[in-house]
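Heads up: the protein sequence lines correspond to chains A and B, in order.
Under this note's numbering, the first residue of the first sequence carries the number 383, and numbering increases by one thereafter.
Under this note's numbering, the first residue of the second sequence carries the number -3, and numbering increases by one thereafter.
Be aware that a few hints might be false.
Not everything, but these chain B residues come out facing chain A in the computed CB check (under 10 Å) [said to hold, decoys possible]: (1) Asn4; (2) Thr19; (3) Leu23; (4) Glu49; (5) Thr56; (6) Arg60; (7) Gly61.
Here are some chain A residues the structure puts well away from chain B; computed CB gaps all over 10 Å [unchecked claim]: (8) Phe440; (9) Gly506; (10) Val770.
Source of the hints: derived by calculation from the structure; they are not laboratory data.
Small disclaimer: the values here were computed from a predicted structure and weren't measured.
Every residue gets a Cβ at the ideal spot worked out from N, C-alpha and C, and that includes glycine.
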Amino acid sequence: MPDLTTNCAGITSPNPFWLASAPPANSGAQVMRAFDTGWGGAVWKTLGQPIQNVSSRFGGLHYRGTRAIGFNNIELITDRPLEVNFKEIYEVKKRFPKHAVVVSLMVETEQEWHDIIKRSVDAGADGLELNFGCPHGMCERGMGSAVGQEPTVNERITAWAVKYSSVPVLVKLTPNVSDIVPHGLAAQRGGAAGVSLINTIKSIIGVDIDRLVPEPRVSGASTNGGYCGAAVKPIALHMVAALARDPMFNLPISGIGGIANWRDAVEFIALGSSSVQVCTEVMLRGYRIVEDMIEGLEGYMRDKGFERLDQLVGRAVPAFSEWGDLDLNYETVAKIDADKCIGCHLCVVACDDGAHQCIHNDPNGSFVPVVDESECVGCNLCQIVCPVPGCITMAEVDNGFAPATWNEHLYEDAVLRPKKGAH
Amino acid sequence: MATKLPENRAESVFADYKPAYQTPQALAEANRCLYCQDAPCIGACPTGINIPEFIRKIATGNLRGSARTIFDSNILGMSCARVCPVEVLCVGDCVYNRMDQPPIQIGKLQRYATDLAFESGWQFYEAGPDSGKKVALIGAGPASLACAHRLRRFGHACTIFEKRDVIGGLNAFGVAPYKMKADRAIEEAEWVLGIGGIEVKTGIEVGVDVSFSQLERDYDAVFVGIGLGPDRHLGVPGEELEGVYGAVDFIEAIKLEPASFEGVRRAVVVGGGNTAVDCVREAIGLGLGEVTMVYRGTEAKMSGYAHEWKAAKIDGARAIWRRHPIAYEGDGGRVTGVRVAVLDDDKQPIPGREELIGADLVLVAVGQSRLLDLLKLDGVRMDSRRILTDADGATGRPGVFAGGDLANGAKEVVNAVAEGRDAAVAIHAYLTEA
Ligand SMILES: Cc1cc2nc3c(=O)[nH]c(=O)nc-3n(C[C@H](O)[C@H](O)[C@H](O)COP(=O)(O)OP(=O)(O)OC[C@H]3O[C@@H](n4cnc5c(N)ncnc54)[C@H](O)[C@@H]3O)c2cc1C
Ligand SMILES: Cc1cc2nc3c(=O)[nH]c(=O)nc-3n(C[C@H](O)[C@H](O)[C@H](O)COP(=O)(O)O)c2cc1C
Ligand code: SF4
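For reference, chain B alone in the conformation it holds in the complex (with noise of 0.2 Å):
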């Protein structure tokens, strides 16, 4: 099952943006955390690791002690050290910010207590006494990952189902490479199906390989982590043509493969969210020229985390504001230009103002659509953003259960673990009520 990802993918010009601690800097940064009783940060954890207590570890030498908390929170504490935008999480919440102090570097933290667990093949966990439960779980991302991990611990038997053939998710193809590499986000993955009794089966779409009622009749439990779908998009003319994708298949590829981008000169991002702030990181970093994101709101209301936008300003990005794409202009099939209305404050176009900005590189970071249907079942409630669940990840439908991003409508890493977790929880109450 474990991928081999070739060597040679367009990711690995991308040196780490925050580089990892080195003992003197931890240790410092380790003791010069408060250890704050009822700590901010822990509350502004998704999975509430216990910080405080893993930054102490880390400052008395007891690194295994300092991963093990880590972990008990959070399966892939490794991956979200890195992933994690600690700026607007647990470091946003610091008490040090409220005396105008320099917060504490948790993620880096938790990178340095994580990093050396992977690195000494430290192991925390066993299954528990196999309880005769099976549960199906649909994807191999963070959620799903995160609810078998839990679920074995109980002793409940898991089957993934995961249509690619890479597991770990968007954490493997999705997350910006400055942040993580795809090998890492796998052998995350891996190391957590070390619990034993995972079995995961890639290549496997369910609703077109296997029915969703065919799991339901084999397996006690079904748990949903399928994420989100392809990218969404504008739906004007010159969409066919050559060089305009996706933003989150650019990334998928950019992640996985090699890839030329000979003859790219001027990219142009399309959108003013995360993904396509990561979008223009990703393009600078690549070398793909002038990279220019064009957003139809303007730079104080975009919805991309104001620090990943000042970061990707210092690389070199620019911005054009209040654009929107009408059409894509291009040449022998290949795309040559972006044209777009100018819209005044209320994101309404201005009569007569079009303006053209050439690009022979269009990605397309306007959203995700969602992968509902599926879910279309007696029981199952939705809106039109996501899967509604209550707080435990229970559908409405007797032993269905979902979460990640199908049923947070889109967050982060941390939240889709959060809530597996929890959903393991529940479905363990479900499985062993009388």
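One chain only, chain A, in its complex shape (with noise of 0.2 Å):
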């Protein structure tokens, strides 16, 4: 059986699945529950001066009949006294001693940071996460995103934090920047040990048009929340796999945003995440999630040959490149496999008004649509509305021309094949 055992920054566990830093890791006993559910790790509840929260607090994005592509929320860090979270932590870790116990804050002076530092340290913390993330509220107060979008104030607070803590520092990042790179460098400056992300992204996840007041409704009124779950998974994928490729860039990534099962995982694993964290899907289905993680993960990295964690790690970084260093002689077209079409035309009417007009109706009078390769320029959008598995697939085409990139053909000459569909 391939070996799970996960050490990111320093932090180990049995296992690369983490709670993140959220309802979920609130209190010792779901954390402890947690535990013997199968999660590897968790992150705590932020830690801070325990703050009041509204009602309601979340809001879903429901698309087509499923709940939740996306969640939002407008709760702000732990309500609980910090001696209850403290003395909870010190049971977790006094129970679970191989588990990975990671405690999030969030204060403001420098005091403050070594105050709570301390006591999480002799609670029993095996590193720490400053949520420098926090995309509502706290910001409002000059913490959480206020600080993840300011470098030198990062810098500044992780260089407190990394003086004051004997156990690694983890810097929560906030997605709510234009480039990811210069702010993981800024962790890297104040001597964090890794970086997590992607905390919640700045958003509105709807509006009651009943009321014509945004959700989540508080009396009459809401405010902008943080927006995550399955359909932030792009946006934090590309975040992790930023700083991942970046050359001046070399701490541990711990990679949130849209776990929901064990594919999810490998993904973010492979663009360069050491262990990984889950909030919201955990919110949705519960802890028991984890046994399917776990073993899903396991298989595939039985079946891809993987024998330990590590070997997995980044797998995947060299392959996300500029896109001047993609291959402009590669070339695809669509084909249609007759015998599985069922004939809706999805492909006919999205390549029609959404791409090439190179899907045409059988002149035959089949219900089984054809594609006109010489014109089809291989974008995918077909095989995307395709709603039969397999039925759609982007062919290679040998046009005889050697690979050659954008690049190439500014700097080194380099030929082109001739454009399709740009008539």
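Put the complex together from the two separate chains, hints included.
Following this line, the structure appears as structure tokens:
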């Protein structure tokens, strides 16, 4: 059986699956239940000066009958007394010495950072996570994403934390920036042992169009919230990969954002995460999802011949390149499997109205459309709309041109194949 | 021990009544599952399979894990996926029923995962370290197979005694071929035996070829999973005529052997239970002309499942209600018809009202006899229908456990599996008690 033992920035756990700092990691009883169910670690709900929350707090993005493909919240950090949190952290560590308990923190002054770090480490924290990410409420008070968006502030506070901490410090980054890399580098300069990302994305989840009030509604108003859940995965993957491939950045990454099952986890790990954190899918389905995550990851690693998790970390990063380095002579065309086609013609309308008008009704009258391969630009749109798995495939065409990228064309006069569909 | 069944068995004409899912269908259905917490479908499964979990694993593509979740609770999960009356078990309790939406097709999803496990040759279990204890199991039906498999995981050596040449019990030679054919049940039984350390002695009838007390002497514990006895008959004139068969006998014949029904144009099935309904659908599937069920009660009160009878009617079955055979009539030793009394609401014959229903094949499905004699022993309690056990299968006689049809009075394969499995846990406790 492959070994899932995880080491992320010096924080170890039996597997890479950690609860993200959020309601599922709000209390000792919950975290113990999660560990009993199989979770390898937990990042405690952010501690700081306990706050008062609003009601309601959450909103769901429901799409075509699927509930909560996206999720948002306007809750703040812990609302429980600090001494209770620390006592529970201590109890969890006592019962689960091998599991990772990372304590997420958010306070203002250097003195406050000093004090809360000492108490966290005394309680038995295996690591700290600095919450520089929360995009609502706390940032209005000068914390959370207000810190994460300012590399100099990020670096300064990180340096304080590193100075006062005897355990590894992770910096949790906000995605509410135009480029993640400077912020990861700021954490690195501050001396962080690693980074976690992403926190939630600034958002309005929807508007109640009867009351004309945005959601989630608090009496007669709402505020911007933090967006997360399955729908944010692409954004999170990109940010993780952008750091992982940056030559200046060399810290371990704990990947977060829309992870709902083992496949998502494999993607994050392949793009450079050494552990993964989950919030929304646990909120929607419970701790029990981890059984399949562990088993699925093990099965994947066994099938692909990975014996240890670190062999998989970052394996897809080299294949994440600049546009200018992609092979412009690589050519694919859509093929429709007539035996699988059900005749819905979604590909026809998609190609007609949204692509290059090269899928046509069969002149012989069958319901299977035909692709004009001489015009097909190989964009994938038809494959994406096709409801039948495996019906439309993108087949490679041997056009006789040697591989050539835009950069090679620009700087080395590499020959490009003639453009298709550009008349 | 592997019995090779003839290829041209009569049952081979049947196609699956519920065809297997292809991957797209399985994914669509799996993604529809709500992944309920404390799901009612689990409670409705006698083996308590964690159904939402195995379905979620199909959706994520963790198919091996999905199959493992099923087999962890039900080692005959492959055949149960086909033969369970899911309409009155898991599927019947799906929460979607409560919102008037189609329930999740749990049986088909279970078949998808378990068929794949068989095709892929996945093995999930290893025998436990040798305990030095030996257990005899009587009968190679679902109850004993499930019991033996669990016992092997505890490390106890197992020997199964089976009077027939075929293993699998009624799961092999009883269930309707449009649900599952005999070879599949036997293949599954052999897969179960693949855990190793289970010796199977076929062709040995306990009580005839070896005595029960001998087994008690030679083994540390005995599990009895012998199911039910031969078909009952009504004791009316003409039962000896050619063309009059017990239903279970008939089904066993079509499941295991080639058969010819030349000259049969009208078949009558006597009874109104599940075996009767199966027989009706099988007779129709075999092309036996006009097939009529003759039942002493009414359609509303028949004991066969409503969903099965509905399917039989769609197949073309007809029924004559409130009739009871009083004699089989024949010509030259062959049956030609069934003389019936017409019954009133209290199932009493209405004087002077008799009818003759023409038939050249009569299948009598009025229940199976009981095999209680083997266990007429000190400490074993029984009533007229079954051996009485506690919830773990203990009979009251030290070291003697029972499960399956013999102990539950005739239920389903899945009940036999649950009882055999749970009895193994009790046997393990019995064997390891200081
Ligand atoms: C016609 C028919 C159709 C059915 N259809 C379904 C269905 O679709 N779905 C479903 O879930 N259930 C169905 N059932 C019920 C199901 O088959 C039984 O509940 C299940 O097989 C019981 O398992 P068992 O192990 O208790 O007994 P059995 O399956 O009856 O196995 C008992 C075994 O013990 C052997 N045996 C008996 N006496 C001795 C002895 N003295 N020594 C050695 N061996 C002995 C027998 O040969 C047999 O192999 C059906 C039953 C019948 C009769
Ligand atoms: C209700 C809720 C509360 C959260 N609270 C915190 C928090 O206190 N501290 C923190 O660092 N992140 C917090 N997060 C962000 C999550 O930890 C996580 O970064 C984000 O939800 C993305 O992951 P997901 O898609 O798995 O939910 C919260 C998220 C949610 C939904
Ligand atoms: S989830 Fe629990 S706390 Fe939240 S609104 Fe519902 S009942 Fe209340």
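Here is how each hint holds up against the structure:
The beta carbon of Asn4(B) comes no nearer than 32 Å to any beta carbon in chain A, farther than 10 Å, and the hint placing it at the interface is violated. The interface hint given for Thr19(B) is met, as the beta carbon of that residue sits about 7 Å from the closest beta carbon of chain A, less than 10 Å. Annotation: interface hint on Leu23(B) holds; nearest CB of chain A at approximately 7 Å, less than 10 Å. Below 10 Å, beta-carbon pairs count as interface contacts, and Glu49(B) has one with chain A at about 7 Å; its hint therefore holds.
Nearest Cβ of chain A to the Cβ of Thr56(B): about 4 Å, under the 10 Å cut. The hint holds. Of the supplied interface hints, the one on Arg60(B) holds, with its beta-carbon coming within about 5 Å of a beta-carbon of chain A, less than 10 Å. For Gly61(B), the suggested interface contact is upheld, since its CB lies about 4 Å from the closest CB of chain A, less than 10 Å. Even its closest Cβ contact with chain B, about 18 Å, leaves Phe440(A) beyond 10 Å, as expected for a residue assigned away from the interface.
Every Cβ of chain B is farther than 10 Å from the Cβ of Gly506(A); the closest lies at roughly 31 Å, confirming the non-interface assignment. For Val770(A), the condition that its CB be more than 10 Å from all CB atoms of chain B is violated, with the nearest at approximately 6 Å.
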